[in-house]
Amino acid sequence: KAGVTQTPRYLIKTRGQQVTLSCSPISGHRSVSWYQQTPGQGLQFLFEYFSETQRNKGNFPGRFSGRQFSNSRSEMNVSTLELGDSALYLCASSPDLSMTYNYGYTFGSGTRLTVV
Amino acid sequence: GENVEQHPSTLSVQEGDSAVIKCTYSDSASNYFPWYKQELGKGPQLIIDIRSNVGEKKDQRIAVTLNKTAKHFSLHITETQPEDSAVYFCAASATGGSYIPTFGRGTSLIVHP
Numbered sequence: 001k002a003g004v005t006q007t008p009r010y011l012i013k014t015r016g017q018q019v020t021l022s023c024s025p026i027s028g029h030r031s032v033s034w035y036q037q038t039p040g041q042g043l044q045f046l047f048e049y050f051s052e053t054q055r056n057k058g059n060f061p062g063r064f065s066g067r068q069f070s071n072s073r074s075e076m077n078v079s080t081l082e083l084g085d086s087a088l089y090l091c092a093s094s095p096d097l098s099m100t101y102n103y104g105y106t107f108g109s110g111t112r113l114t115v116v
Numbered sequence: 001g002e003n004v005e006q007h008p009s010t011l012s013v014q015e016g017d018s019a020v021i022k023c024t025y026s027d028s029a030s031n032y033f034p035w036y037k038q039e040l041g042k043g044p045q046l047i048i049d050i051r052s053n054v055g056e057k058k059d060q061r062i063a064v065t066l067n068k069t070a071k072h073f074s075l076h077i078t079e080t081q082p083e084d085s086a087v088y089f090c091a092a093s094a095t096g097g098s099y100i101p102t103f104g105r106g107t108s109l110i111v112h113p
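Listed in order, the protein sequences are those of chains A and B. Okay, so the first sequence: first residue is 1 according to this note's numbering, each after it adds one. Okay, so the second sequence: first residue is 1 according to this note's numbering, each after it adds one.
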């Protein structure tokens with residue numbers, strides 16, 4: 001079966017712009033989590049969506065937002081980009097977060113965002 | 001909240017040697033400890049996990065150990081091969097709460113042929 005698909009794979013944006021990243025989870029998975037990965041900080045949790053509702057949110061500013069559609073596909077948006085937003089953004093899907101106790105996450109390959 | 005410390009940040013070994021990566025956690029409520037392997041250009045992939053009611057788990061050349069009293073857990077890779085070269089992340093999460101895992105900062109393992 002198809003894995004987690006993230007698009008685009010690479011993005012270059014200018015400071016002040018906004019960007020939208022997309023994630024299509026594994027078919028049947030209803031929970032989508034987003035992580036920011038940087039060399040210094042590792043994987044930082046952004047937010048989690050389940051059935052079109054944000055259930056959990058990490059400690060990121062309001063410039064980071066997301067949404068989930070009825071088909072479980074999710075998007076995240078970053079407005080007013082800063083240089084420090086340069087990172088690999090990873091999407092992870094699971095049937096439900098409680099299922100990660102038995103099966104862990106399935107991650108996509110990520111979107112590499114570079115802010116110049 | 002939970003805090004997971006991972007060491008070392010970089011580990012270089014010769015092919016055939018063993019590699020050990022160690023993590024400590026702070027929240028005694030954490031009871032699930034997965035390990036992920038991230039190869040270049042890919043997302044992390046779950047390779048092994050351990051639950052708090054188990055002290056050790058093995059899967060071929062990899063094993064994890066858990067010491068609940070000391071709040072630390074380790075990944076052991078024996079007979080390392082060049083394809084083991086990757087970044088490894090440990091994580092900790094708790095059932096009954098949000099289930100959101102807290103990740104360590106990662107260990108870059110380099111296996112020299």
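Where hints are given, some of them may not hold.
[Claimed, not checked] Far from chain A by the CB rule (all over 10 Å, computed), these chain B residues: (1) Q6; (2) Q45; (3) D49; (4) Q60; (5) A63; (6) T102.
[Stated by the list, open to error] In silico DSS-like cross-links for lysine-lysine, where the CA-CA straight-line distance does not exceed 30 Å: (7) B:K58 x A:K57; (8) B:K42 x A:K13; (9) B:K22 x B:K58.
[Said to hold, decoys possible] Just a sample of chain A residues kept apart from chain B, beta carbon distances all over 12 Å, derived: (10) K13; (11) G16; (12) S27; (13) Q37; (14) L43; (15) Q44; (16) N71; (17) L90.
These are calculated hints, taken from the structure and not from any lab test. All C-beta atoms, glycine included, are put in the ideal place defined by N, C-alpha and C.
Which hints from the list above does the structure break, by number from lowest to highest? The structure conflicts with hints 1, 2, 3, 6, 7, 13, 14, 15, 17, although it agrees with all the remaining ones.
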